[in-house]
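Q: Chain residues, written in single-letter form:
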Amino acid sequence: MSIRGSAAIVGYHEIPTRRMYQGRSNWSLLTEAALGAIRDAGLRKDDIDGLICQEAFNSLTVAEYMGIKPKFTMSMTLHGATGTGSVATAAMAVSAGLANYVLCVMGGTRDAESGGQQPGGFRGAQPGGRPAPPPPSGRPTFGTEWEAPFGPVVSANGGYGLMKQRHMYEYGSMQEQFAKCAVDQRYNALLDPNSAFSGQPITVEDVLNSRYTNDPLHLLECVMPCSGGGAWIVTTAERARALPNPPVYILGIGGPATSHDTIAQESDVATTPVVLSAPVALQMAGYKAKDMQFAEFYDCYTILVMSCLEDAGICPKGEIGRFYADTDTTYKGAFPINTNGGQISGGQPVGGGGGNTKQIVEAARQIMGRAGQRQVARNGLCLVNG
Amino acid sequence: MTTSEYRKPLPRGEDPALTDSFWEAVKRHELLIPRCVKCNKFFWYPRQECPYCMQRDWNWEKVSGKGRLHTFTVVRQPQNPAFNDDVPYVYAIVQLDEGVRMVSNVIGCKIPDDVKVDMALEVTFDDVTEEQTLFKFKPASS
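Protein chains in written order, with numbering that gives the first Met the number 0: chain A, 0 to 385; chain B, 0 to 141.
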């Protein structure tokens, strides 16, 4: 029994991504995002009976803090897929009658000391690799025995450096092509006041001249950790029609899919679990990848967004570099991708890969026709990935 | 170097009973890889069950240590500042001839100029302290 089209996103709110929000706690930022989404959906806090959060700032604490009593709740450990995973899970929950209005909220505030080098590791779960090993007194893991002694790269950069290097070797993808991904996304961010980089254009040369964080990754291909967050409300299609915004119907869901915790254990380093999840979603929706009019794909690094797009079937495997070279992926172009700049040009809110908030909010915004100067012309069908 | 002078993390296993013999062999400059008795496959990292057939019956088998560089990244900012003096260095996935892939470092060549995906490698042993040796990889001598 398909749930195609039985659920919809009906409201959203995004907190502008900034390096720091002084004097604001994680819970306060999450509450701001949540109340904004509830208001945007034309609902009241008491209408919310479902709650999905990310593990880093879990739903039990959010429910307690906000005075919500969800009859359906979950906290997800999906790193940068948490936002997309929350939409899929909320769609299933409302379709099964487990809740009426599911609030999904994620994000967080960045400490001045967080990220960067820490002998004890960095906080929170990060996409693409295990958290760095715990201090000497902490519990040993696979990472403390087989990775830590060899000096992993700071934060999640290492795994993606490994992925990009292999992708370039196997498929001949070129640095200029990865740079174009970053440049097109930055163009999309220029007019977005929610972005940490609005008004700051970059060129391919800027990307290639930016220092290597870890060869072959350049600084301008990587996300910058920030404070921020987002929230969205999912309900049934019938309830959606009674609410003020045009419903964003969820036509197909696939995943959450996985095959590894650390990229070093992935059997095909240059391929992602999107090969598992995308076909399920497309089949449910009754579409092919080429039917999609634009895409919002989680983008901790250019290699990740690009590998995921080809794994979803936007182009044949290995050809995403050429795809970017030949395609205008700005909001004005033939196939817009990450039309607000995504996280690379938006900043990534801390707390489990930022929860992929930029993609979910922007997909909803574009489909509702509320993207202003960045509105894509063809906004009927969006492929979203986390 | 003595253990107290070496500032970088030494391997700490979840299950020392499982992996102590591996590290003892590395100290003798031997590389052993788990091999399943039932399905005959090598696997990495060591764990109780073979990840292919799930049987708990495997042996450590000595391997040549030859392999190829599957992929790598050049570290310029390590997670752990204890590695800062080594920058730039190579954090690598090496694929042994037996098919398993291991995380390690590539040493003994110019970094990054001489490091290329698929280059032939062979294991080398770094006695980092009096008690602990690490396995690393260097360009294969032809």
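For the record, the hints were derived by calculation from the structure and aren't laboratory data. Please note: incorrect hints may appear among the correct ones.
Stated by the list, open to error - Chain B stretches covered by chain A per the calculated footprint, using a threshold of three residues with CB under 8 Å from any CB of chain A:
no.: 1; region: 51 to 63
no.: 2; region: 72 to 81
no.: 3; region: 104 to 116
Unchecked claim - Below, simulated DMTMM-like cross-link-like pairs (lysine to aspartate or glutamate); rule was C-alpha separation at most 25 Å, straight line:
no.: 4; chain 1: B; residue 1: Lys137; chain 2: A; residue 2: Asp267
no.: 5; chain 1: B; residue 1: Lys40; chain 2: A; residue 2: Asp214
no.: 6; chain 1: B; residue 1: Lys61; chain 2: A; residue 2: Asp325
no.: 7; chain 1: B; residue 1: Lys61; chain 2: B; residue 2: Glu23
no.: 8; chain 1: A; residue 1: Lys316; chain 2: B; residue 2: Asp117
no.: 9; chain 1: B; residue 1: Lys65; chain 2: A; residue 2: Glu175
no.: 10; chain 1: B; residue 1: Lys40; chain 2: A; residue 2: Asp45
no.: 11; chain 1: B; residue 1: Lys115; chain 2: A; residue 2: Asp45
no.: 12; chain 1: B; residue 1: Lys109; chain 2: A; residue 2: Asp260
no.: 13; chain 1: B; residue 1: Lys115; chain 2: A; residue 2: Glu63
no.: 14; chain 1: B; residue 1: Lys7; chain 2: A; residue 2: Glu169
We treat Cβ as the ideally placed atom computed from N, Cα and C, and that holds for glycine.
Q: Work down the list of hints and note, for each, if the structure agrees.
A: Hints versus structure:
1. 51 to 63: violated (count 0)
2. 72 to 81: holds (count 10)
3. 104 to 116: holds (count 3)
4. B/Lys137 / A/Asp267: It holds: about 24 Å lies between the C-alpha atoms, which stays within 25 Å.
5. B/Lys40 / A/Asp214: With a Cα-Cα distance of about 33 Å, the restraint between B/Lys40 and A/Asp214 is violated, given a limit of 25 Å.
6. B/Lys61 / A/Asp325: Violated, because 50 Å separates the two Cα atoms, which is more than 25 Å.
7. B/Lys61 / B/Glu23: Holds: B/Lys61 and B/Glu23 sit about 13 Å apart, inside 25 Å.
8. A/Lys316 / B/Asp117: Satisfied, since the Cα-Cα distance of roughly 20 Å is no more than 25 Å.
9. B/Lys65 / A/Glu175: violated (34 Å)
10. B/Lys40 / A/Asp45: Not OK: B/Lys40 and A/Asp45 at ~57 Å, beyond 25 Å, violated.
11. B/Lys115 / A/Asp45: violated (59 Å)
12. B/Lys109 / A/Asp260: Violated, because 31 Å separates the two Cα atoms, which is more than 25 Å.
13. B/Lys115 / A/Glu63: Violated: B/Lys115 and A/Glu63 sit about 53 Å apart, past 25 Å.
14. B/Lys7 / A/Glu169: violated (33 Å)
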